[in-house]
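Undergrad: This is what each chain is made of:
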Amino acid sequence: MKGWKDIPIGGVIDKPATAREYKTGEWRIQRPIINREKCTNCMQCWLYCPDMAIGGRLDGKKMKLGEVNLDYCKGCGVCAAVCPVNAIEMKPESEFI
Amino acid sequence: MPVKLTVTGAAAVAHAMRQINPDVVAAYPITPQTPIVEYYAGFVSDGIVDTVLIPVESEHSAMSAVVGSAASGARTMTATAANGLALMLEIVYIAASYRLPIIMPVVNRALSGPINIHCDHSDAMMARDSGWIQFFTENHQEAYDFTIMATKLAEKENVLLPVMVNLDGFITSHGVESFEMLDDGVVREFVGSWNPKYSLLDTKNPVTFGPLDLFDYYFEHHRQQEEAMTNAYKELPRVFEEFEKISGRKYDFLDLYKVDDADYIMVVMNSTASTAKYVVDQLREEGHKVGLVKPQVFTPFPKKEFQQVLNGRKGVVVLDRAMSFGKEAPLYSLVKSSLYEVASRPSLGSYVYGLGGRDTTPEMIREAFEDVLQGNLIADEQRYLGLRE
Numbered sequence: 040m041k042g043w044k045d046i047p048i049g050g051v052i053d054k055p056a057t058a059r060e061y062k063t064g065e066w067r068i069q070r071p072i073i074n075r076e077k078c079t080n081c082m083q084c085w086l087y088c089p090d091m092a093i094g095g096r097l098d099g100k101k102m103k104l105g106e107v108n109l110d111y112c113k114g115c116g117v118c119a120a121v122c123p124v125n126a127i128e129m130k131p132e133s134e135f136i
Numbered sequence: 003m004p005v006k007l008t009v010t011g012a013a014a015v016a017h018a019m020r021q022i023n024p025d026v027v028a029a030y031p032i033t034p035q036t037p038i039v040e041y042y043a044g045f046v047s048d049g050i051v052d053t054v055l056i057p058v059e060s061e062h063s064a065m066s067a068v069v070g071s072a073a074s075g076a077r078t079m080t081a082t083a084a085n086g087l088a089l090m091l092e093i094v095y096i097a098a099s100y101r102l103p104i105i106m107p108v109v110n111r112a113l114s115g116p117i118n119i120h121c122d123h124s125d126a127m128m129a130r131d132s133g134w135i136q137f138f139t140e141n142h143q144e145a146y147d148f149t150i151m152a153t154k155l156a157e158k159e160n161v162l163l164p165v166m167v168n169l170d171g172f173i174t175s176h177g178v179e180s181f182e183m184l185d186d187g188v189v190r191e192f193v194g195s196w197n198p199k200y201s202l203l204d205t206k207n208p209v210t211f212g213p214l215d216l217f218d219y220y221f222e223h224h225r226q227q228e229e230a231m232t233n234a235y236k237e238l239p240r241v242f243e244e245f246e247k248i249s250g251r252k253y254d255f256l257d258l259y260k261v262d263d264a265d266y267i268m269v270v271m272n273s274t275a276s277t278a279k280y281v282v283d284q285l286r287e288e289g290h291k292v293g294l295v296k297p298q299v300f301t302p303f304p305k306k307e308f309q310q311v312l313n314g315r316k317g318v319v320v321l322d323r324a325m326s327f328g329k330e331a332p333l334y335s336l337v338k339s340s341l342y343e344v345a346s347r348p349s350l351g352s353y354v355y356g357l358g359g360r361d362t363t364p365e366m367i368r369e370a371f372e373d374v375l376q377g378n379l380i381a382d383e384q385r386y387l388g389l390r391e
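Residue numbers (my numbering), protein chains in the order written: chain E, 40 to 136; chain Y, 3 to 391.
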């Protein structure tokens, strides 16, 4: 994090499209761990994720589960809760330090 | 050649604005400020200035409009008083935090309630922690001069803070008096052109004003505002010096009247200083060593200057035209705290006067002086001038 002498005054953002640099997942206390063997690519987790933290990718004409973007995942656990095959487990962040 | 104009204080301020010719002025009427924006609307409709005048539906909108305008890079002004300032206040803080050099004459008036439209300083004191630079002016000449100097100071790259130029409601704003108006060209050259670092209209260098600024950077931005105030304090002597070159009028943080050998000093702001100077003259004739200190710059508070001038005096009385309920009166508390570290502290007295336009007579001023002359001061006692018991 920058100090007060190194940031533009008045909170001005002096270049466009910097929202991607704003990582909103830093205060997460749990993270989703996906068991790819159980996953059926039903994409319910992708659909319900409130922050687009769960990625999807097109494999031909079919959607497949991508990576979890932990910069934005708040650890809310909605993905794990909606998964019909229990392929997602929420694990404490402390396990990853 | 400068000309003498004999007009109201509101017209004097409007003439300063006319000579500065800001890009945008937001106008909303409120007594006793209304004649300023009225005169200015006249200049706009007569084509004397090329300002875009925005008539808005409230002071909240006026301040919002000037924030948007200043963020777009336009030189921007508005004016208000009392409850108008209160309605603006939410955006007043934002203007300072976004570092927008807006200039706003504030025609000091009592805040309700009960309803009162006359002069006191409760409106300015309400906004004293908003991050605006605050000047206080005694008469037409000072209101005119400080409006011009405010523009110069606010736009300095290491300052970039909005400025309130305070003048007393009705007494200064509506009273007719002579003042010396500089040539249009001289003022135009003094304030120069305004080249903002950031502009919402600069599509080649797009910027965002007013992002979410939570616990991660808000604190740092407020530290920057404090630094800008420190810079304003450092830049002010230069502004005073440059202004003296074009006007011959010498200003400083504090206006000192007969203080050199004074044992007893009164501190009072704005138009009441004129009455107090009259009383100082009378007391001097009677052989009393009295003097007067009138702060012209209230924010950034000239603490060091107060220490220098008040250290070693026998007694100091501070007159406030506002109350700070349950606490010491605002000017008094600042003067008192600045004296904490001086080698020889004077005895101190706090006097509240003139609330809601209550007339302040030489006799009342004399009453405060007599207390200090007789050594009858209690630092923790707030006294009242002209209050019926």
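Among the hints, a few may not be true.
[Stated by the list, open to error] Derived Cβ-Cβ restraints for the label pairs, each shown as a range:
| # | chain 1 | residue 1 | chain 2 | residue 2 | range |
| --- | --- | --- | --- | --- | --- |
| 1 | E | THR63 | Y | LYS206 | 49 to 59 Å |
| 2 | E | LEU97 | Y | ASP218 | 30 to 40 Å |
| 3 | E | CYS81 | Y | PHE217 | 31 to 41 Å |
| 4 | E | ALA58 | Y | LYS247 | 43 to 53 Å |
| 5 | E | LYS77 | Y | LYS206 | 48 to 58 Å |
| 6 | Y | THR205 | E | LYS77 | 46 to 56 Å |
[Stated by the list, open to error] Dumping the calculated DSS-like pairs for lysine-lysine here, alpha-carbon to alpha-carbon at most 30 Å:
| # | chain 1 | residue 1 | chain 2 | residue 2 |
| --- | --- | --- | --- | --- |
| 7 | Y | LYS252 | E | LYS44 |
| 8 | Y | LYS199 | E | LYS54 |
| 9 | E | LYS41 | Y | LYS316 |
| 10 | Y | LYS279 | E | LYS62 |
| 11 | E | LYS41 | Y | LYS247 |
| 12 | E | LYS54 | Y | LYS252 |
| 13 | E | LYS41 | Y | LYS158 |
| 14 | E | LYS44 | E | LYS62 |
| 15 | Y | LYS247 | Y | LYS236 |
| 16 | Y | LYS158 | E | LYS54 |
| 17 | E | LYS44 | Y | LYS206 |
| 18 | Y | LYS252 | Y | LYS316 |
| 19 | E | LYS41 | Y | LYS199 |
No lab work stands behind these hints: they were computed from the structure. No residue lacks a Cβ here, since even glycine has one placed at the ideal position from N, Cα and C.
Undergrad: The structure should be examined with respect to each hint, and the outcome stated for every one.
TA: Right, here's what the structure says about each hint:
1. THR63/E <-> LYS206/Y: 49 to 59 Å: Roughly 30 Å apart at Cβ, these two residues miss the hinted range, so it is violated.
2. LEU97/E <-> ASP218/Y: 30 to 40 Å: 35 Å, holds
3. CYS81/E <-> PHE217/Y: 31 to 41 Å: Cβ of CYS81/E to Cβ of PHE217/Y: about 38 Å, so the range 31 to 41 Å holds.
4. ALA58/E <-> LYS247/Y: 43 to 53 Å: Holds, since ALA58/E and LYS247/Y (Cβ atoms, about 48 Å apart) stay within the stated range.
5. LYS77/E <-> LYS206/Y: 48 to 58 Å: 52 Å, holds
6. THR205/Y <-> LYS77/E: 46 to 56 Å: At 51 Å between Cβs, range holds.
7. LYS252/Y <-> LYS44/E: Distance of about 34 Å is beyond 30 Å: violated.
8. LYS199/Y <-> LYS54/E: 13 Å, holds
9. LYS41/E <-> LYS316/Y: 49 Å, violated
10. LYS279/Y <-> LYS62/E: Cα-Cα ~61 Å, so violated.
11. LYS41/E <-> LYS247/Y: 42 Å, violated
12. LYS54/E <-> LYS252/Y: Roughly 43 Å between the alpha carbons, so the hint for LYS54/E and LYS252/Y is violated.
13. LYS41/E <-> LYS158/Y: 24 Å, holds
14. LYS44/E <-> LYS62/E: Holds, at roughly 22 Å.
15. LYS247/Y <-> LYS236/Y: 19 Å, holds
16. LYS158/Y <-> LYS54/E: It holds: about 23 Å lies between the C-alpha atoms, which stays within 30 Å.
17. LYS44/E <-> LYS206/Y: Given that 30 Å is the threshold and the Cα spacing comes to 25 Å, the pair holds.
18. LYS252/Y <-> LYS316/Y: Holds: LYS252/Y and LYS316/Y sit about 28 Å apart, inside 30 Å.
19. LYS41/E <-> LYS199/Y: Given pair LYS41/E, LYS199/Y holds - Cα atoms ~21 Å apart, limit 30 Å.
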